[in-house]
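Line by line, the protein sequences are chains D and F. Taken in order, the first sequence gives residues 4 to 265; the numbers are from my numbering. Taken in order, the second sequence gives residues 146 to 469; the numbers are from my numbering.
No lab work stands behind these hints: they were computed from the structure. Mixed in with the good hints, there may be bad ones.
Claimed, not checked - Selected chain F positions facing chain D (in silico; Cβ < 7 Å):
1) Pro249
2) Phe255
3) Arg261
4) Pro264
5) Trp265
6) Pro275
7) Leu278
8) Leu404
The beta-carbon is built from N, C-alpha and C at its ideal position, and this holds for glycine as well.
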Amino acid sequence: MSHGHAPGGKAARRRFDSTAVILGGVVFVAAWQALVWLGGYEPYLLPGPLVVARRFLDAWLDGTIAPHAAATLTEILIGFAFGAGAALLVGMLLARSHFAERVLSPYLVAAQATPILAIAPLIALWFGTGLLSKVLIAALIVFFPVAIATMVGIRSVDRRLVEMARAFRATRWQLVRQVEVPAALPAILGGMRVGVTLAVIGAIIGEWAGGERGLGVLINLARGSLFDTPLLFATLATIALIGIVLYLVVVAVERRMVGARG
Amino acid sequence: MPSPTPDRAPVRQRANASRPARPETGDRPLASIDVADLARSFPTASGTPLVALDGVAFDVPERQVVAIVGPNGCGKSTLLRLVGGLLRADRGTVRLDGTPVSGPDPRIGFVFQEPRLLPWLDAAANVGFPLELAGRTVPQRLDRAGHLLELVGLADFAGARPHQLSGGMRQRVAIARALALEPSVLLLDEPFSALDALTRERFGVELLRIWGETATTILIVTHSVREAIFLADRVLVLSARPGRVVADVPVMLPRPRRLSMVDTVAVSRIAAVIRSHLAGAADEPAPEEAWGLQPAPQASGAQDPLEGVGVPAWFDPFGREGGA
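Excised from the complex, chain D in its bound form (with noise of 0.2 Å):
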């Protein structure tokens, strides 16, 4: 039945595709404002669209959620580069090694299950309320996907790739970085969407346990000091974007690298 397409068939499919998101963003504001007008709910304890909407361009405008976004951003990166940067190195070895595995993966699983939230005061307390806290918090909770995904990954490898590449003479780390890593490069991609949205997570919490800017810390200001629950709001809409964003970052990358194997 594949073949059975009308040779306009991708495009219709992509035009009702985007027809089905907009329908649904409709659908969600919809139920949202008339939530807030059915319950008769003050703007403090759940302000409707429209006002978030109008606080979240003046927020952006007069320069509120700026400089916070920008802190945020940048733990978020540079988290997300070495929590991952060093799970791919890890997710190879235990590939590599079930001794490793073995002796790694206690630790590993444990560091994933203990609550970050308990961890990231620690961290705080050790390593201070700068950049530096944050992006531990960030690469701590991006490691444990990741480095899963990878050795999931290189050990799903196709043998037969492997032993083509011996017979022309790879050495092993030939072997490595031109056949296991492009190989398994589709499961690593998918350990790092899931990475990318915990690394946002990871820097509101790292800035949560201290810190004095960064999209985290102006939650408490405008829940607490401001009493701003529209700029709360406001602020929640920009962690998803950036979150959502960031993951479709991951997604184009992995259309570009492995969408034309086909």
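Starting from the known structure of chain D, fit chain F onto it as the hints suggest.
For chain F alone, coordinates are given in the frame of chain D:
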């Protein structure tokens, strides 16, 4: 066995005499293969090792095409991997032109049963992959890959990804890749088994043309007796496990080979000889026999032209039992 050097020269002369169309290879070395007393077993869950090969010995003079046939699971692929240095032998040696093979060797090009192309590289980069591993520059790689793709008839597909190519085209790319480092020996492990019957026949012709243009020594594993005869100068028959060479059948067909030769009596006769050895080795009848052709009796050669020729079971006017 006499030392390999004295009897190599006449072989080369004979080869040149009978194949005048062969191009000069310049300073490219040719290689003969010497396999002596090769044995290999694999550990199993039950503890008793599985002996795949035991005491395999044969040699292939340079530029010859030798096919290996044998029942399923007799260790044909293991043998090829031992020759190619992808597996280590428990006992025995493999020599290329007198030098032992101890690991993957640049003098050897390997073609596997599946194309085994890297899906993220285009055809040219796949062909150039061995050159990339060997540290050649990009222009060198592209230049050589272009030549080789032309040799296998895919000059227009250099930029195509594997998933855009048909199964046959992918296997051509794999053959071109095997030739990238200018090997003097090509090892092919059932390279056509994933292709349909018609493509397969064409590929046989194609392989011989490539062989003619590259002057390599070829060792090919196949499970098609006719394909073996069509391609090879000699057909080695392996026994069931533990595999060893039970017959070395010469194929006295003129070159260049033509597809029309496959249907001649001469080929049938050679096929019958090979099948008689296979029948002795296999536990189950070969498919042809299952279709109502009588299994050929144990023949020790081709003394009697009718001996061993597959005759339908229902057509036996000579009363084979008493006739011979």
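Out of the numbered hints, which ones does the structure contradict?
-> Number 8 - this is the single hint that the structure violates.
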